[in-house]
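Novice: Protein sequences, first through last, are from chains A, B, C and D. Residue numbers for the first sequence follow this note's numbering, so the first one is 1 and each next one is one higher. Residue numbers for the second sequence follow this note's numbering, so the first one is 1 and each next one is one higher. Residue numbers for the third sequence follow this note's numbering, so the first one is 1 and each next one is one higher. Residue numbers for the fourth sequence follow this note's numbering, so the first one is 1 and each next one is one higher.
Think of the hints as simulated: they come from the structure by calculation, not from any bench. It should be emphasised that the depicted structure is a prediction, and the values quoted were computed from it without experimental measurement. Where hints are given, some of them may not hold.
Pairs count within a copy or across copies, as identical chains cannot be separated in the list.
Within a straight-line C-alpha distance of at most 25 Å, the following computed DSS-like cross-link-like pairs (lysine-lysine) qualify [what the hints assert, rightly or not]:
| # | residue 1 | residue 2 |
| --- | --- | --- |
| 1 | 205 | 274 |
| 2 | 92 | 2 |
| 3 | 205 | 195 |
| 4 | 143 | 92 |
| 5 | 274 | 195 |
| 6 | 195 | 23 |
Number of protein chains: 4
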Amino acid sequence: MKSFILTLSCPDQPGIVAAITQKLAEQTFNIVDSQQYSAPETGQYFMRIGFDGDTTCARVQDLLADTASHFDMTLQVDDAAARPRVLILLSKFDHCLIDLIYRQQVGSLKMEIAGIASNHETGLHWAEDAGLTYHTLGGREAKVDNEAKLDALIAHEKIDMVILARYMQVLTPEFVARHSGRIINIHHSFLPSFKGAEPYSQAHKRGVKIIGATAHFVTADLDEGPIITQGVEPVRHDMDVASFIDVGRDTERRTLARAVRLLTERRVFLNGNKTVVFE
Amino acid sequence: MKSFILTLSCPDQPGIVAAITQKLAEQTFNIVDSQQYSAPETGQYFMRIGFDGDTTCARVQDLLADTASHFDMTLQVDDAAARPRVLILLSKFDHCLIDLIYRQQVGSLKMEIAGIASNHETGLHWAEDAGLTYHTLGGREAKVDNEAKLDALIAHEKIDMVILARYMQVLTPEFVARHSGRIINIHHSFLPSFKGAEPYSQAHKRGVKIIGATAHFVTADLDEGPIITQGVEPVRHDMDVASFIDVGRDTERRTLARAVRLLTERRVFLNGNKTVVFE
Amino acid sequence: MKSFILTLSCPDQPGIVAAITQKLAEQTFNIVDSQQYSAPETGQYFMRIGFDGDTTCARVQDLLADTASHFDMTLQVDDAAARPRVLILLSKFDHCLIDLIYRQQVGSLKMEIAGIASNHETGLHWAEDAGLTYHTLGGREAKVDNEAKLDALIAHEKIDMVILARYMQVLTPEFVARHSGRIINIHHSFLPSFKGAEPYSQAHKRGVKIIGATAHFVTADLDEGPIITQGVEPVRHDMDVASFIDVGRDTERRTLARAVRLLTERRVFLNGNKTVVFE
Amino acid sequence: MKSFILTLSCPDQPGIVAAITQKLAEQTFNIVDSQQYSAPETGQYFMRIGFDGDTTCARVQDLLADTASHFDMTLQVDDAAARPRVLILLSKFDHCLIDLIYRQQVGSLKMEIAGIASNHETGLHWAEDAGLTYHTLGGREAKVDNEAKLDALIAHEKIDMVILARYMQVLTPEFVARHSGRIINIHHSFLPSFKGAEPYSQAHKRGVKIIGATAHFVTADLDEGPIITQGVEPVRHDMDVASFIDVGRDTERRTLARAVRLLTERRVFLNGNKTVVFE
Numbered sequence: 001m002k003s004f005i006l007t008l009s010c011p012d013q014p015g016i017v018a019a020i021t022q023k024l025a026e027q028t029f030n031i032v033d034s035q036q037y038s039a040p041e042t043g044q045y046f047m048r049i050g051f052d053g054d055t056t057c058a059r060v061q062d063l064l065a066d067t068a069s070h071f072d073m074t075l076q077v078d079d080a081a082a083r084p085r086v087l088i089l090l091s092k093f094d095h096c097l098i099d100l101i102y103r104q105q106v107g108s109l110k111m112e113i114a115g116i117a118s119n120h121e122t123g124l125h126w127a128e129d130a131g132l133t134y135h136t137l138g139g140r141e142a143k144v145d146n147e148a149k150l151d152a153l154i155a156h157e158k159i160d161m162v163i164l165a166r167y168m169q170v171l172t173p174e175f176v177a178r179h180s181g182r183i184i185n186i187h188h189s190f191l192p193s194f195k196g197a198e199p200y201s202q203a204h205k206r207g208v209k210i211i212g213a214t215a216h217f218v219t220a221d222l223d224e225g226p227i228i229t230q231g232v233e234p235v236r237h238d239m240d241v242a243s244f245i246d247v248g249r250d251t252e253r254r255t256l257a258r259a260v261r262l263l264t265e266r267r268v269f270l271n272g273n274k275t276v277v278f279e
Numbered sequence: 001m002k003s004f005i006l007t008l009s010c011p012d013q014p015g016i017v018a019a020i021t022q023k024l025a026e027q028t029f030n031i032v033d034s035q036q037y038s039a040p041e042t043g044q045y046f047m048r049i050g051f052d053g054d055t056t057c058a059r060v061q062d063l064l065a066d067t068a069s070h071f072d073m074t075l076q077v078d079d080a081a082a083r084p085r086v087l088i089l090l091s092k093f094d095h096c097l098i099d100l101i102y103r104q105q106v107g108s109l110k111m112e113i114a115g116i117a118s119n120h121e122t123g124l125h126w127a128e129d130a131g132l133t134y135h136t137l138g139g140r141e142a143k144v145d146n147e148a149k150l151d152a153l154i155a156h157e158k159i160d161m162v163i164l165a166r167y168m169q170v171l172t173p174e175f176v177a178r179h180s181g182r183i184i185n186i187h188h189s190f191l192p193s194f195k196g197a198e199p200y201s202q203a204h205k206r207g208v209k210i211i212g213a214t215a216h217f218v219t220a221d222l223d224e225g226p227i228i229t230q231g232v233e234p235v236r237h238d239m240d241v242a243s244f245i246d247v248g249r250d251t252e253r254r255t256l257a258r259a260v261r262l263l264t265e266r267r268v269f270l271n272g273n274k275t276v277v278f279e
Numbered sequence: 001m002k003s004f005i006l007t008l009s010c011p012d013q014p015g016i017v018a019a020i021t022q023k024l025a026e027q028t029f030n031i032v033d034s035q036q037y038s039a040p041e042t043g044q045y046f047m048r049i050g051f052d053g054d055t056t057c058a059r060v061q062d063l064l065a066d067t068a069s070h071f072d073m074t075l076q077v078d079d080a081a082a083r084p085r086v087l088i089l090l091s092k093f094d095h096c097l098i099d100l101i102y103r104q105q106v107g108s109l110k111m112e113i114a115g116i117a118s119n120h121e122t123g124l125h126w127a128e129d130a131g132l133t134y135h136t137l138g139g140r141e142a143k144v145d146n147e148a149k150l151d152a153l154i155a156h157e158k159i160d161m162v163i164l165a166r167y168m169q170v171l172t173p174e175f176v177a178r179h180s181g182r183i184i185n186i187h188h189s190f191l192p193s194f195k196g197a198e199p200y201s202q203a204h205k206r207g208v209k210i211i212g213a214t215a216h217f218v219t220a221d222l223d224e225g226p227i228i229t230q231g232v233e234p235v236r237h238d239m240d241v242a243s244f245i246d247v248g249r250d251t252e253r254r255t256l257a258r259a260v261r262l263l264t265e266r267r268v269f270l271n272g273n274k275t276v277v278f279e
Numbered sequence: 001m002k003s004f005i006l007t008l009s010c011p012d013q014p015g016i017v018a019a020i021t022q023k024l025a026e027q028t029f030n031i032v033d034s035q036q037y038s039a040p041e042t043g044q045y046f047m048r049i050g051f052d053g054d055t056t057c058a059r060v061q062d063l064l065a066d067t068a069s070h071f072d073m074t075l076q077v078d079d080a081a082a083r084p085r086v087l088i089l090l091s092k093f094d095h096c097l098i099d100l101i102y103r104q105q106v107g108s109l110k111m112e113i114a115g116i117a118s119n120h121e122t123g124l125h126w127a128e129d130a131g132l133t134y135h136t137l138g139g140r141e142a143k144v145d146n147e148a149k150l151d152a153l154i155a156h157e158k159i160d161m162v163i164l165a166r167y168m169q170v171l172t173p174e175f176v177a178r179h180s181g182r183i184i185n186i187h188h189s190f191l192p193s194f195k196g197a198e199p200y201s202q203a204h205k206r207g208v209k210i211i212g213a214t215a216h217f218v219t220a221d222l223d224e225g226p227i228i229t230q231g232v233e234p235v236r237h238d239m240d241v242a243s244f245i246d247v248g249r250d251t252e253r254r255t256l257a258r259a260v261r262l263l264t265e266r267r268v269f270l271n272g273n274k275t276v277v278f279e
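Taking the hints into account, I'd like the entire structure generated from these sequences.
Specialist: In structure tokens:
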């Protein structure tokens, strides 16, 4: 007996759940967990089912092929024990990288870190320490080369998810389009407040009493991607920008880790410019 | 087309979801929302399904009768628009009562307040103001009479849920047993810390830095009932017990309101001495 | 023996604390609580001292007059038991009004509600119920008359603080200037996100995962006033705008009440376009 | 010009602030930050003053010696830039250790890690990696030797604070007494709930909806020491004990780091079995 996760989305219509669960029941698969949501704005239906059975992903895909086709479904079956392969990008700040590595090591994040890429050396030590490959990228002027290198890495390493863990370079719309739905970013503000550069300085200047971080899918439109999760922390008048950055480090790593966990557990769906998150 | 909520629990086994959803699909009912959980400790399976259809609760109950019997289910079908009838009990403190009334009035809590009962007069004004019947109870020495009066009220008013909104009298085990799973309480501490009397004084004495409130089902074992939801609030060294009580008032009413909302939406299941809450 | 609160601000320079506390010590006043802050951006110094003594506000003002003049201080002495007189403005939504009245009644907010003014009738019942005077304002077209009426009220009732408790009319820059530092507003978003109209709709459309409320001083520049305090609440993909509004109601009233408490306790200072809050 | 932190406690009486600040003013020291609190239960007065001046700690101690003696003060002057020397103890779980090291390295926690001691090898790698000395302790049976070794270390390394970062051995009352007020612990529950062993299992069994962590001073009475700060995190019915532990790891390291920061900034005072924390 193995555990599987079935995720699907399709235009909403009657009979979806029955069609799927009927097929699973015929094989005496046991559904242990399920969530679904019908989005009024987009008319899309989203479902996540956890089930146990003596089978394989490929066989379940086959089993459901006709149903998926009939309902025009995007349907995926994953081994619940399978670990998505991730590529972590960072620039100078390493707190998110360190945290992701640690959470992976203690089994809190069930993923394989297939590589780390950066235009700085800050993360190198941590990569080596964890036995991970560190790919060096060029600076702003090397964008074309960088993205070619990343494309090759993603293909070669069969990357499921690219995590921008404080990667400070803007990706080209073309690159983003090629890997649509597979790149996430941690923005160091409570979006849509303080888009763009130096959000902590902006927040400090505005005199807010709470700061935050936002994990979101990366789209061509900077800081406008679908939000996965957000975190906040109170701040006080006697804190300077450096204190905001210090407090924010914690919020960022926690918020990014939560987003990564949700994604590795296949709990996140794109729904137009928003997300459906089954927690 | 009307909306319904189907809730069920039964011993876990393969085929439950398929059996149920198949029946719903045959009638072209449309499932809009569903959650389920299989509890390892008790071996119980819990499911909540929201669906739309041109039918009635009774007809759905009939439709599923054989399945329910086959799987040994406790199964209930409710009109999603139906409003549970509640009886609110309080003693001297009226903040939870006022909040429940207001939330009911603005449509935040979808319930009918079928009556208010108290051994104090504090709530009378608010009851009258809202056009609600106020039943006067006796003090500690009148426990037998009080509970007889409450039994009659519950029967006569077809009460679905009794809310102890800071009712400071201990109910007898017999009364609790008669209305098992239908009485909830707000305890003014973060249980299991500070059971019993004057939890804010206890918390102040211990020097905690966070206080809380706990909404739970009432069982014969005082302050030991299954927890539905909890709320917390930070406190500081320069706050006295009165300040704890003041801050706590907010936490209590918010935590109780959240529990009542979860219950009116049929999101809460008893699972041994714990609860399953589908949020 | 009575309790007093001394608040002051002035250009930062050595000797301020000593000068003040020396004068208080000479009278054998006992300092029970004090906080101070020197703001690097503005060069301003802020201090709040709670002390006990057998004296009067006027006598302390006299006692400190030379010091205040020497250091170019804005200095105020208040009887700690004195209750600021507030005027509450609202439009259609009454949840903040009801909450402010209740908190005043149970002693949680130490203020006198000197009047309520509104361009709607929603709050009338609550005002009458609490024995408070309800002043009816005209709509958008009557702005000149409304503000004249408010000016008269503020003067006649010796209003210390005007609370916009979901008052949906924009005040003129002239009115705001006349009562600078004495008008606060609750904005139903986590500013600076979602300025302007219908912030919950904006938040819903953007797909944020946390919503908020912001209590701030009102300035001529709409939604740009100095922030006093902010509150947040998580939201989910399956909540519609109405649910955001429902959840937000709670956050708004809690955030506004916190701001009012801070102000009635003289814990808030204006520091350029920001605030210093001694909590 | 250097920055200093003056902390003191003494029996409450009039004139304390004036006496101290007068002395500071005579030297044209500039007070930039100050907080004070008079505790009604113990009659003790607590003060923390941050000031700038062209002087040394010893000279300020001298300057205030008479005043300190007159008011029976426990008074300490620290260079604001001085970094307390800490000794970190752990057993098997290394998440708090790693976090403390990282926060120290990025400058978030201003302390010197003078050594790490453990009865397990888990932390060894991290110590070596950070260039820190790792002292190996024996197991339960070697308590006498362990404490002798720790006593020597504390003396030799001039340790200001011992941090039990998930050290699972109970210290003897004698050891605790010898280092009273200088040992802090992170307990992995929201005290006073779930004292003793395996608090996450206890919490899971009780079915709580929020778990927590508590940083407290260590006293002879286990899990009863004065609480410095507490942190909480929501949990759900579908989380097992391992998930509680996983979520808790985050709460523990964050709560411990907050306590350590408060202590390194001299913001924490013992007040009987409670703490005064100037945040």
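Novice: Take the hints in turn and mark each one as holding or not.
Specialist: Now the hints, each set against the structure:
no., hint, verdict
1, 205 / 274, "between (29 Å within a copy, 8 Å between copies)"
2, 92 / 2, "neither (41 Å within a copy, 32 Å between copies)"
3, 205 / 195, "both (14 Å within a copy, 17 Å between copies)"
4, 143 / 92, "within (17 Å within a copy, 44 Å between copies)"
5, 274 / 195, "both (17 Å within a copy, 20 Å between copies)"
6, 195 / 23, "neither (47 Å within a copy, 49 Å between copies)"
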